[in-house]
Every structure is written in C-alpha cells, then in structure tokens.
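Trainee: In order, the protein sequences belong to chains C and R. Start counting the first sequence at 1; every next residue gets the next number (the numbering used here). Start counting the second sequence at 1; every next residue gets the next number (the numbering used here).
To be clear, the hints were calculated from the coordinates, so they are not data collected in a lab. No residue lacks a Cβ here, since even glycine has one placed at the ideal position from N, Cα and C. Some hints could be false.
Below, computed lysine to aspartate or glutamate pairings styled on DMTMM-like, alpha-carbon distance capped at 25 Å [claimed, not checked]: (1) R:90 - C:354; (2) C:429 - C:309; (3) R:90 - C:414; (4) C:328 - C:237; (5) C:622 - C:316; (6) R:235 - C:354; (7) R:37 - R:355; (8) C:328 - C:338; (9) R:224 - C:354; (10) R:419 - C:464; (11) R:439 - C:471; (12) R:74 - C:414; (13) C:345 - C:427; (14) R:288 - R:355; (15) R:82 - C:45; (16) R:419 - C:45; (17) C:643 - C:405; (18) R:90 - C:382; (19) R:107 - R:418; (20) C:366 - R:282; (21) C:356 - C:237; (22) R:235 - R:220; (23) C:755 - R:355.
If the Cβ cut is set under 10 Å, some of the chain C residues that face chain R in the computed set are [to be verified]: (24) 251; (25) 515; (26) 517; (27) 577; (28) 771.
Which chain R residues stay away from chain C? Per the calculated CB distances, all over 10 Å, these [what the hints assert, rightly or not]: (29) 80; (30) 86; (31) 90; (32) 105; (33) 186; (34) 240; (35) 247; (36) 256; (37) 260.
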Amino acid sequence: MQTNGLRVDIGAALIQGGYSGPAVVPGKPGESKLLHRLKSTEKAEMMPPMGARLSPADIDVITKWIADGAKVPAASAAGPARRETSHWSFQPVKRPATPAGVNPIDFFITERLKKEGLTPSPEANRVTLARRVKLDLLGLAPTPAEVAAFVNDKSPNAYERMVDRYLDSPHYGERWARPWLDLARYADSDGYEKDNVRPYAWRYRQWVIDALNADMPFDRFTIAQVAGDLLPAATVEDRVATGFHRNVLTNREAGVDRAEARYEQLINRTNTLGTTWLGLTVGCAQCHDHKYDPFSQREFYQLYAFFNEADDVDIDAPMEGERGPYLKALPAYRRDREKLLAEYKIPALQARWEEKMRAAYANPGKDAEFDFWITSMSAMVDHAMRMLHKKPEERTQREIDTLADYFISNPGPENGRDKELTARLKELKTKITDLKKTVPFLTQAYTIGEHPSHPKTHITIRGDYRSLGIEVQPGTPAVMPPMERKEGEPVRVAFARWLVAPNNPLTPRVTVNRAWQELFGRGLVRTSEDFGVSGEKPSHPELLDWLASEFVAQGWSQKKLHKTIMMSATYRQASAFRPDAAEKDADNTLLARQSRLRLPAELIRDTALQVAGILDPEVGGKSVMPFLPKGVGELAYGGSKWKETTGQEAYRRGLYIHYQRTTPYPLLVNFDAPDSNVACSRRRPSNTPLQALNLLNDPVFLEAANAFALRAMETQSAAGPRIDAMFQQALGRQPSDTERQTLARYVDAQSNVLKAEGRNGDQLTQGAWSGVARVLFNLDEFINRE
Amino acid sequence: MIYSRRDLLNSFAYGVGGMALSDLLHGAAPNPLAPRKPHFAPKAKSVIFMFMEGGPSQMDLFDPKPALQKHNGKPLPAEFTKDLKLAFTKPNAAALASPRIFQPCGKSGIVISDYLPGLREVADELCVVRSMHTDAVNHHPGQLLLFTGSIQFGRPTAGAWVTYGLGSESQNLPGFVALSSGAGTSGGASNFMSGFLPSTYQGTIFRNSGDPILYLSNPEGVSKATQRTSLDAIKELNEEHLRKSADPEIAARIQSYELAFRMQMSAPELLDFSNESQETLEMYGIGKEPTHQFGTNALLARRLVERGVRFVLMMDASWDTHTNLNKKLKEKCDATDKGSSALIKDLKRRGLLDETLVVWGGEFGRTPICEIRNTADPDNAGRDHHPTGYSMWLAGGGVKGGQTIGETDELGFTITRDKVHVHDLQATMLHCLGLDHLKLTYRHMGRDYRLTDLAGNVVTKILA
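Okay, chain R solo, but in the shape it has when bound:
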C-alpha cells in the first residue's frame, strides 16, 4: 500500500491533539519523500534513464540491415511500405543503406556499430532490445508516451511515479533529478513533470550554467552566514506560529526550509569533482570536447545515485537526423559514447551497477528509407521517424546483460519477434525496482491511473 500525501497528513493530524511541539517538529512530521517499501524485493534501487531525444537511428547503431544495400537508392516493394505512417517521407521514397561497420562484441557477441566504440567495450553488460515499438510518430507525443504512458497531457512521468512509489533515499537532494545536454528537448518540462501527482514528485532540473538547481545559491550580497541567521529567525517565527495554530502544514514548511538549506550545503560537494581521479575524469571525457557536457552529466548521474537519488533522467538532444545522417549521427555518438560507456564501467567497478537500472534510447527510431530535403545535395540524405521497430538498451540492476532481444524484418520496417511496446518497457523498469505496474496507482478524476495506462507486460526475457 502506498500512501498519498493526504493520507500522511491525515494520519498526522489525527495524532496532533496530544502532541507536544517537539513531537510536532521532530517526531511524526510527514515526509512525502520518505523511503517506502516496494511491492516485492527489488533488483534495482535507482534508475538512470539516458534519453536520446529525437530518435537515434537503430539500423546505424544496433540493428544492421545489410539487405538494404541491394535496394539502396531505389523505392522498396510495396509489401514493406503499405502500412507506413511517416512524419515527412512518403512511402515510395528510396531505401537508404547504412555505411556503418558492425561487429560482434565481447563474449556475448552483441552487434554494435563502429560509431559506438565505447559501448562495444561494455557489450556484455547490455541487453539490446531491437523490437521496441510505440504509437506516436511525432516527437512531443512520442515523448509523452515514453515518459507518461499516454499521448495526452497531464499524466505523471516515469520519474515522478517511481519517486511517488519508493520515496527517496537522499536526505539532502531531490528524489528525481533531470539533467540536460545538447539542444533543448521537444518535450521540455513535460518529460519530468508530476502531472496529477503532488508536485513534490516532479523532477528537479539540474542546470548546465549558473546554479545546478535554480535558486540554490544565495542571491547576490547574501552570504552563507547571513542566510543561516535569516533561516534561524524564519524557523523561530514559524515555530512560534505553529505553537499557536498547530497546523501541520507549518511543521512541513519548517522541514522544507531545513531540507532547502541542506541542499544548499550539499550541492557544492555533489558538484565538486576534485575527489574524482584523473583517470575517472578522462574516462568520462570531462574537460575535452566534444564529450565534456554529456560526460559531466554521466558522472553527475553516478554521484546522484550514489547519494540516494531515486531517478536520474539524462536528456540529450537532438538525435533527430532528418538530414545529413552520417555526419550528424557521428557527432551525437562522438559526444555521448564515451560518457554512456564510462558510466556503465564506473558503476560496475564501484559495485553500483547491480542496484542501478540504466536505460538508453529515444522516443522512436528512424526509417530504412531516405528523406531528402535538398535534391541537389545527395549527402544531405537522412531518415524519418520510425515508430514500428527500433532499438533501445538496458543494463544493470535486474537486467540480464549480454543479450539481444527481438528482431525486425530484413529491411527493418516491422518487428518479426518479441515485440516490446513502450508500455512493456515501463512495466519492466518498474518491475526491476520491485514495483508491480498494475499496483502502482493513483486515484485521479475518479479513476485509478498507472504509468502503463491500460497495457504493459513485464518482458521477462530482459530480466536477470
């Protein structure tokens, strides 16, 4: 049973009659982020979701389609394209073969593209799913579906659901943190909002410039000492008011201020990489271009889960390669491959990989056929959005690494084995955390809602 904030407050309010102020302040005060027991024994304690916004090209990275070579530059037989629903391209567009070189990697022999040399080194940790599918063909709806389980607005995101279900292990940091690199994402804030869940569960965005958390630093001219003096006075006066009106919300407010102060104090330590070895920094590509930004976020993600943060969403934009595929995809891979593979290695050697679920992927994949927006420049070719068969990978807590699941047809249009819908991915993620996606519900507008909407099956093949 998971308690809502209202329940917690109610149970608290019941007891208030006979309570002394000290109890009010320090004893039973409700904390909606207090750690909560999962439904069953979990494999993973936290999640790092590397969201590759825009839709990475699966047949250039994880799902080679050599058969495209013989059709390259020519329209494909209608049997492959008859049900296609595409954003820009028409079904009669020419096939686009991939020039990438694939090879089996590690002991497991998972096939990975030459654009991802780092991931090749950690292949045995990865569970590559080649049979992902989604219902949306456009970015924002696709991102809503991936993160909230519905293309309609207003639902909580996966990170909010998980934080609502499990609370947070961290006393000094938010339970759900969002990091961003590259350009802005189509979904913007809707990828980490709490929807109809209390806003306590929404993701806190760590910013790339200025304060990591908005308004974390004291404003100009306010020193640490003056801030503390002010906080003491605020606390005293709030306590005085609590004594008179006994409203439990005042006790919660006092706690929020204390947590805010602890956040202010602990964030510099979190962001201070000086105790990381030179080798670690190099492994993540920190301090070098083009890997610095993503690498920094990847290391930050590790440090966040180390400190008990429940859900870290790393958003990297944009993988939306409608044009200039070969060049743009290389740029994205060059910027992120080092960081994402370093994160796996680093988690592993610290013994954290077993308790951290790592997910990598976009809101959909890309078409086997070619999108040309400028006929005068053949190198301009790109790929359109492709929802009916694309790849993602998972690693870490609860996941059986070193395997490839699912299969698409020889040209990569549709799935021929082990379909995994976005809702199935969500159910599986929750399962790894010890949460039953059917039981993690919240009543809203007279209905019990869940992340997986009305669908979702745990994909047992993914599990360790």
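Chain C extracted, bound-state conformation:
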C-alpha cells in the first residue's frame, strides 16, 4: 500500500516522486532514491520492506532505464486525478421523504423498531419529563413549583411551552457550552510541565456561552471560530471566537525547541478541526497516507497549512463597561511608567542587554549563560525572538511593554550578578506592579491572526518536524466537494465557508449527531468523533440525513434543532429498562425507550448546590477556584497554582471551575470530564468507588447537605412532609411509600446514633436531616437524568 505519496504504477507519478521528493532523477541513477532503496539492506530503508529482493539483474535494468533518461510510455503517464469513495459519510445529504402527519423522527425510529418486532415505550410521566427537559436544556433541576406547573398545565401545548421557556433561559448557553468546550479542549492553563495559568482563557468561553444563548446560526458560529479575525470589518467578538485554536497546549518547558513546539500545536489544531467539524480522524495522516480513509498525508498538511499561516495574537477584549474607565486612566499610567523607566535608566540598560541577547542568538554556543536566557525567554514569552529583533520604532506598544517588563524581571547574567542593580530592579518591579493596579481592569483575549512572515508548509516525513518533504498549499481533501474561494478572499475565510457550504455532507451530519448524542446518550453514529471508514455506521441513516437537512433548512439554528428532537415522541419516551427490547437490542441503539444518562461531572455539583439553595447562578465571567484539599495541586511541577476563591463565587457552576491541566479539579476527573488535551466529542461515563467517595466525603457536598437540611427545616416543621419536600426538591418526584418509610427509619436510626455520640437539641436534628440530604445526593437517581 502506498502511504508516503509515491506511486510506482503511474509513470509520471514515479518521476514526480513522493513526499520526500523525486524518486527518480532522469539520467542520474546515483541521485535516484528509488535505486538507493532497492539496493539498501537497512531495515528502515530497504524496498520492498519484506519478501524477495530484486535480483541484481533487475536492478541493472532499472539503473540503465534511469541512465537513459527514464522515459515513460505514454499509456502509463497519467493516473486518476480525483479520489472517489463510496463510503456513506462522504455522499451528499439526501433528505428522505416522510409521510405527512407523522413526526419524521418518530417515523424513522418506529419503522426500524417494527423490523425487530418492537414498539416504542410510552411517554414518560410528566414529572420525569420536567426534570429531563430542564436538565437537558439548562443542566439544572426543576423546582417543585416548575414541576407542578407543568403537571397541572392541561393545555395541549404545555410541553412545547416548557421547552420554549427553557430555550430562552441564559443557562441554556452554559449547559450547551460544555460539550463544545470539550471539543475545543478548553482549559485555563498551558499544560505541560510549566502549566502556566491562562488568566483570560475564559474570554473565549464567554463568547461560546453568548453565541449559544443568542442562537448564533452554526454556520456563522463556525466561520467566526475558524476565520473570525479575517472577516471584513471583524469585530472584537469575531476575533475572540478564534480563541478556539488558542486552547491548544503550549509547552513552555525551557529547553523545548520552539519549532517543534509549534509543530505539535499545529498538528493538534488540525486534528481538533477534523474531529470537531468533519468527524474525521485526520491525525493518522500526520505521518503517512491514511490507511482507511480516503485522504492522503499531503491533504493533511494542506489542512495544516491553513493554521500554519496563522499567528497567535493577544488582544484587548473588553467586557461591557471596561473600556471607558481604562482609557481614562491610560494617559496617566503611560506618563508615570515612562518616568519610572527613565528614573531607573532602563532604556540604556535594556538596549545593552538586547544587544547581548541578539548576539547570543546569532552565535549559539559562544556564551553559555546568554544561550540559557535565549532558550528560557523563547519558552516563556510568545514571539520573544521576533520582538527582540524588531527595530524599537517598529514595535507595538504591547511589544515594548512586554520586553521592558521581561527585562526588569530577568535582567540577564551580568546584571544579575550586580547586587545593587538587582535590588534596584526589584524595587522598580514593585513600583510598576503597583502602578498597574491603578489602571482599571481590561479583559484580554487569546486569538489568532495572519502570520506576518507567511510561513511555507511542507509535508513532514513520518511526522518528524525536522525532516521536510515537498511544499504544499492550503487546500481541502479531494474526496470532498471543492473549496470555492471568492476573488480577494483570505484563504482561511474560504476554508471556513467550505466547512459549512451547502454541499459539505460532513459538517451538518456530525453536528446533528452530537446533539442527538447529548439528548439520548449516544449518537445515531455511535463513534461521534469518527465518521470515517473505521467509525461505526449510522443506526438510522435516513434519520441522520433528515436531521442534517432539516438543520440546514432551519438556518443552522441549534435551538431549533434541539427543539425538533425534543418534540419527538422518541425523546419523550419513558427510560425504564425493557427486558423484551434488551434481548434484541442490548445497547438501546434502536431506542425502544429513552436512556438513563449519568449527569456530567459539572452538573452533579451544580444540581446539589442548586437544590441546597447555595448555587451562585451568575452567568459568564472568570473562572473560579473552589476549595481544593491540600496536596492535590502540589502534585505537579512548580507546586499548586490554586488560589482559593472565597465568598459566593466559590459556588458558581462547574463550568466555571478553573481547569488546571496537570492537576485538574478532582470532581471533574472522578466523574469523567475530559483531560482537555485533545478534542473530546463524547465523555465515557464510568462508575467507580472514587465517585462514591467524592459524593460522600467532598466537603462541598456536605456543605450543600447542611444548607439543604436547614432550608427544609425552616419551611417544613413535621418530619413526614419534610421528607416529601426534600425528596421532591432533589429528585423532582414524590417518594413512594417504601421510600418514605426508608427515609423515616433512617432519620430515627441516625438520630439514635447521634444521640449515642453525645449530640442533642438542634445539633442532633440538623445532623439527622443533613444526613437525609446526603443520602439523597448520593442516590443513583440524583446523578442521573431518567
């Protein structure tokens, strides 16, 4: 099989060669790689790699043919130009016809069930539906009042109105941002050894929440994130959207080769794009032509080229109300800063240091000390060498400030040995830090922009960034419809539009499939990350296509898509286990019932805090660091970066919990949140004792239990009604008699134990009822949506 671009069955292709260049140089056998490979006995080089070698006579024939000019008979000169494939996901989306008067989703599901002799389950009861819909749309539990309102609403469109009401809530954006952030491998730190905090990563998250709440059409949502910076009259928000690509890890370990680090980042960006929009594991083609899917290594690097031509750019991205006060304070800050720098003679000192740095950069190995600082600065400061080599008058204000701040903190070896100077620089650093505090906060954002030096893209041989093959241009896989670039349009914009072009079969299929997955626990294509040849086939191909075409027809509205699915009887079915269906369909692929779904990590905490009445419902904003037991953050290099958030903000939703890549918040790890290093299109729920310990003993759940108990004690004085009220708040439904009795017995038993332990009065009562709250939080039903 051909995996490195070289075809030997087509004459012209043989002369043209593979990714590492021409295989045959006509007239020059000595320079022809083909001959070298045929003769070699090195395991990694010899061709053919196994089986019988060519005889010396055969090799002589080839040598002579090359020496004579390597003429190719006309018949074998040309090969097929375009790749063809019959694989289902690359075929155009065809909207299937459906009978009038039947919900198309239910039609396809029921037709398929009929073939197995199965029927759908009845509609779930209204209490279950109320909880299901609110958890699925907002990630929050319904209040007893909300449940009652729905249960008692006798109007025919009661269900639809409930769905609409939740779609309009600002918490919708929070709930649906999470799966998107999983794909975007969102985190609040760089990752790798240093794992520095990214104080403004949240600004991208903010954009996602806002976009989802505004129901930004998915085509615009896509174009903004892939090429928002290059749009005509790009707004700050358009640029912020490109932060999608900045979520990639950054290796700031000092000895890392910057070219290699950037290569790894671009590979990650290309793979992430492939998973997120195309549902393809393009990553395999990093090192060789894809074994299964119809695209080549060349095509991988053509995708890669779109990102290779982009640069990391940090920008001011003020939130509402920030810019005015900032601009007002700026002139005084600039004036005072310049004054300070002059007073400490920074311009002259820095100029000398820069000179030395540039000299060391130009002559590596001459000055070991400065060599170290070059390596170190390159790792810690983005574009350090580029800034250092710019003429001072060509530097932007941001660059001027970055360089000066860096120099003051890292004045280099010679200055560092001057004790007096070191002390003065330290003093200056404090003064500048204080001065900065006088300027009102201005939110920043990590974005991408055009690369100033338009780097060329080469295929890398076997994925080794140092071994460059032929040059390639940005382009899309030949198996897909061609990319159409408008006159004068930046190529990345054309690419972004191509992703959501009407004839692109993958993007809408992949997107509706993930929505389905969120609402049923598995996609119509179970491998939601892989629509390629090695992924699974759709369980209901016609339904998938109907949804995809409906999605586009509805203007790529995600809210409409969710509503369309949720209005179906299929979605509304009861989730109770059906032995008859399980015998034929163990995985519930055919959906003879809804699925019971374990809540994602974040929502387990959210609902507990919510039920307890201590959730801070504020939407958007910075990340928070709730209490973390000692020793967790310390496990990583450089110690803990956790600065505990105090006050109400510590009880914000789990979506806002700071994600430190090397030491993630334990609840997130225990309940299967992704590691945020690569795109994750579906979480795999597990069921472990550590989850039990987490729910039982994590202080935040005890706090919630105490608050929940106090709340219940204030509103219900009698034990029986109190049990009912708490049960209903936590699970949405009334307890059965058995459940009520179990809990009543528990209150007695727990009170006795507490009494025996010497508690009495309020302490005893609170202890027992806090126990009830803990029991409820730990029920399987509490952490599932049914």
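Assemble chain R onto chain C, guided by the hints.
Mentor: Frame of chain C; chain R shown alone:
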C-alpha cells in the same frame, strides 16, 4: 480476549430479563476490575515502577565513563557531538567527568556508584540496562512517551493498560496506585491517567498529607457509625430504584458504594505500620531524614502489592540536575537509595520479589557534557537532558538479575550494543506480566491502540 466494560455490561444486560433482584445485586454484576487471565503464564503478578523524574545521571550512577577524564573541561571532538539534540546546552560545551567512585558489586560484579551504597548490596538482583533510549528530549513529552508510548496526549498510561489487561486482585483497594515524593512531577496527572480507556483504570493517587486517597475519610462531623447508617439507606433506596428501572448501572453503583466503604475500612490497616518490625522500619529509613518520605512510599508499595494491587507507580521528583550536579544528585540518592534497596530486600525475604516486577529509572538520562548557567561559580556545573543512551534497572518477577545489558560509547553519547527503546521496555514489562504487547489493544477512533504504539520488541536478554 479481553473484554471491555461495554462488553461486560452488554452480556449482563442480556441476561437481565429472567433475573431476580438478588441475582442482579450479587450474582453476575459486572466488575471491570475483576482479575482477568493474561495471554500466557506470567512471571510477575504486579509492578512497582520507581519513576525517578527528571532524568538521573547514568554516568554518575551506573555507567562509568573514565574516558571523560582526559577531556574534562574541554569541548569534545565533533564526531561525538554532531547529531546531538539538547535542551539547553550547545554541542560545543565542555566535557564533564564524574568524580564518582565505581566498584563491582555482589557475586555478579555489577558496577554501581558510591552514591548508591544500598543498591550495591542488592546488585545481584538487578538487571542494569545501560542502553536505554527515547525520542523525547524534554520532560513532559519524555514522560508521556515512557508511560503512554506516545508523545501525544490522550493515550492510557502503562498502569492503566496493565489494570485493564489483568484487573486487580484486591477487593478493597484500587488496582492502580500512584505515590509521590519530593517535588511535583512535570507530567502531573498525565503519568497515571487512563487516556481513552474507561476511567476505572486510571491510577488513584495516594496523597502524602491528609487522606491517603482523596475524600477517603468521612467529612468533619460524620462518624463511622453515621456514615454506615447513611450508606445503608443509600443502598436500600438504590435497590428500590433498581427493582423498578432494572438498569444494570444502578447495580454497578451499589457495588461502587460498597467498595468505597471497604476502602474506607481497609485503608487505615494498610497505612498502619505498627505491625512492621523496628528493623523493617529502619531498613526503609522511616522516621529519619532524609529517607522518611521515599522510604514510607517504598514500604507502602510493598504493602500494596501484598494486598493484590496490580500496579504501583512511585514518582520521585526531581532528578533534573542542570546545575550543582554533585550536590543535588547526592541529595536525591541519599533520600531514595535506602528505600529502593530496602524494598528489594524486603520483597525478597517475603518471597514476593519473584512475583513483583520492579523498575527504576527516569524519562531520559544526562549528557556527558557540561551545562553551566553561572560562569562565576564552577561548582555550579550540571548536565543537560540526554535521550540517546541512559541507564535504568529492573528486578524481580521475570527478570534475570545480576547482569548488565547494553553498552554506550566511551564518552557515553550513543549506544554501541543492545539498544533498548522505551517501547521495548514497555513490551518487556508487559511480557513479564504474561501480556503480549501486540495483543493488549483497545479500539479507539477506529483504530486498535496499544501501549507500544507501532513498535516495541521484548528484550529477551532481560528475562530470566
């Protein structure tokens, strides 16, 4: 054939129709950590991996290079340094000879440095590999490669693979435990994550302060008795719900709570060293500085494998001696040599060494040339990262002790005999456990992945 959790659940779900609740709860309930048969008869049942994070200096510990003396302080001939890829140092940096004293030890005559007097005593148990090499020159990528077989993120770590392949013998403890000493590691959690394997297989970190397992203790104000009462109510209510909805996941949840409770009950016994003899505690250096922390982890490692834990990862940081090599390396050796050698002796006398594979080493080694970050202070000299020839050692189950494998050139730059790549080490470790590295696979993103990526050969010379 190794079953995925999904398979287990599926086979379970199939049978659920005719099953009584008692069967649901106590009979065929799936346990993804149930012990599983290896591919062939294993030599070792469990692994203790002593990960010396940062890269221990092989030419100061296991691979003496006397020829460096004559070049000391001078740049080396270009033929040695032309292909060097280094993190900080330039190839023209001066050679740095080692002041260490080496001597052949034990009956086998394995050569060990004076910094490791404890290991000298157990030399006959060790298989020193002087010919390790890796593809990564920086810490985090190097650690990813060592533990997951790839420098890309998202793959399962060795401990997760082994636990996935073999399950766990312990009913009360996690199958894969990570311990840490010294500073934090570059890899952090990525050294014991489960990657794309179910998170059931990820390493559970035993902490050095507070609860050994996070959230193991009841929260403040919750006694053992109140916890048990609560657990009983949780169980009753979960069972009631299982009766109605018959979802096997509820049965699994009930089991998880029971295991959690057993963990709570058995962990104090695990951590209680009072039944260990004074002589044992002294041997590990427990209660004395600087050996206490590492020694405690080493003894804990023994107690964990004794109780059926499959994989213990001991992470010790940091051996990254860019500067002040002689002083810092001594500190690391002084802190760990007692514990690591005591572990070998202790396992041996209890008859556990034969069934426990012990591995010691870092993500790479260190250069023969010198890194100077402060020219004004010559004692500041250190060594840079060195991926193309470094030393590790193995001992115990499946390993032929008392031998040295491989050879580096006279200055220690490259390997001249018996190259052992990190993937080969992984294949060999799995082999000792009765696992064929080509067969231990997991399907993800349409591909069957394995620990050894697309490479790896079992190093038969290492095997007993």
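Trainee: Compare the structure with each hint and give your call.
Mentor: Going down the list of hints, with the structure as the test:
no., hint, in the structure
1, R:90 - C:354, "holds, 21 Å"
2, C:429 - C:309, "violated, 36 Å"
3, R:90 - C:414, "holds, 20 Å"
4, C:328 - C:237, "holds, 23 Å"
5, C:622 - C:316, "holds, 16 Å"
6, R:235 - C:354, "violated, 68 Å"
7, R:37 - R:355, "holds, 15 Å"
8, C:328 - C:338, "holds, 17 Å"
9, R:224 - C:354, "violated, 65 Å"
10, R:419 - C:464, "holds, 21 Å"
11, R:439 - C:471, "violated, 38 Å"
12, R:74 - C:414, "holds, 24 Å"
13, C:345 - C:427, "holds, 13 Å"
14, R:288 - R:355, "violated, 30 Å"
15, R:82 - C:45, "holds, 22 Å"
16, R:419 - C:45, "holds, 19 Å"
17, C:643 - C:405, "holds, 24 Å"
18, R:90 - C:382, "holds, 22 Å"
19, R:107 - R:418, "holds, 23 Å"
20, C:366 - R:282, "violated, 50 Å"
21, C:356 - C:237, "violated, 40 Å"
22, R:235 - R:220, "holds, 22 Å"
23, C:755 - R:355, "violated, 50 Å"
24, 251, "holds, 7 Å"
25, 515, "violated, 21 Å"
26, 517, "violated, 16 Å"
27, 577, "holds, 4 Å"
28, 771, "holds, 6 Å"
29, 80, "holds, 15 Å"
30, 86, "violated, 7 Å"
31, 90, "violated, 3 Å"
32, 105, "holds, 34 Å"
33, 186, "violated, 4 Å"
34, 240, "violated, 6 Å"
35, 247, "violated, 5 Å"
36, 256, "violated, 5 Å"
37, 260, "violated, 4 Å"
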